[in-house]
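Trainee: Here the working numbering is used: position 214 in the sequence shown is 1236, and no number is missing along the way.
Heads up, some of the hints might be wrong.
Stated by the list, open to error - For lysine-lysine, the following PhoX-like pairs were computed, each having C-alpha atoms within a straight-line distance of at most 20 Å: (1) K1060 to K1083; (2) K1125 to K1171; (3) K1167 to K1185; (4) K1125 to K1083; (5) K1125 to K1173; (6) K1125 to K1060; (7) K1173 to K1107.
Said to hold, decoys possible - Listed next, with one range per pair, are the computed distances between beta-carbon atoms: (8) T1094 to V1117: 35 to 41 Å; (9) Y1058 to S1109: 37 to 43 Å; (10) M1075 to L1032: 18 to 24 Å; (11) A1214 to D1158: 30 to 36 Å; (12) T1126 to L1211: 56 to 62 Å; (13) V1104 to M1230: 56 to 62 Å.
These are calculated hints, taken from the structure and not from any lab test.
Every residue, glycine too, gets a C-beta built ideally from N, C-alpha and C.
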Amino acid sequence: MEYGIVVVVLCAVALWLVTAGVRRVTIFEFEKGLRYVKGRFAETLGPGRHWFMPFSTTIQKVDVRPRFVSITGQEVLSSDGVTLKVSLAANYEVVDPNTAVNKTQSFEAALYLELQLALREIVGAADIDTVLNSRDQLSRTLAEKTEAKAKALGLRLISVNLKDIMFPGKLKEMFAQVVNARKEGLAALEKARGETAALRNLANAARMIEANPALMQLRLVQALGQSSGNTLILGMPSQATPVPIRTREAVGGTALPGGAGEASGPEGASETT
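Let the hints inform the model, and build the full structure from the sequences given.
Mentor: The structure is reproduced here in structure tokens:
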């Protein structure tokens, strides 16, 4: 009897130890778990609930959502000796938690350093005009150069973009003057093109008037009709010839002065032909 009681007590103690010693961890969809047994990496766990014995097992959760790293105000000397301040932003995610956590003390700091070194190398090999005009190409080159190193850290680069490029104050003023001169040149060119087109139209109009002189008078009438406060006097052409007037008296005798016959009564009426 006493032996049975001891067995029951021992079983209860063992069950309590097992129940009290078992732990549960929940790994969410945006996480992965690293399971260590006695300090050694055993496996990578996916999302879900996982039971483990805390006496010998440890589970570390790693956030695998995309994250950003920003490098601001890096002073870089271009190939033509101009000091630039360049900023960039990179988007990446953890694809191999084992490599990212166990192979590097801090994968974030390591990626930051790799991007910084690659930025200095790429910008330092280009002149200032290339940096200004080929920013997208430099971003692609930077991504290609750091992609393999990011993969060795257990990461995947999603994008790398140059954000800001700042110049010294004096050089900024010089670039502003260049831009203003370019805009003024374009404005002068457009003005010259407009004047050339106007002169061409005037030359065409002159040729049309030379071929059709009446167009000048029609154009004058049209212009006066569109304006107010003008008086237009139309005269007879200078080359008009007079029309002869004959009277009845002129047929039989001497014409009256003024070209019109004058008499009393019906027989003195003038007649023109």
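Trainee: It remains to establish, for every hint, whether it holds in the given structure.
Mentor: Right, here's what the structure says about each hint:
no., hint, verdict
1, K1060 to K1083, "17 Å, holds"
2, K1125 to K1171, "13 Å, holds"
3, K1167 to K1185, "18 Å, holds"
4, K1125 to K1083, "16 Å, holds"
5, K1125 to K1173, "12 Å, holds"
6, K1125 to K1060, "18 Å, holds"
7, K1173 to K1107, "28 Å, violated"
8, T1094 to V1117: 35 to 41 Å, "26 Å, violated"
9, Y1058 to S1109: 37 to 43 Å, "39 Å, holds"
10, M1075 to L1032: 18 to 24 Å, "20 Å, holds"
11, A1214 to D1158: 30 to 36 Å, "35 Å, holds"
12, T1126 to L1211: 56 to 62 Å, "58 Å, holds"
13, V1104 to M1230: 56 to 62 Å, "59 Å, holds"
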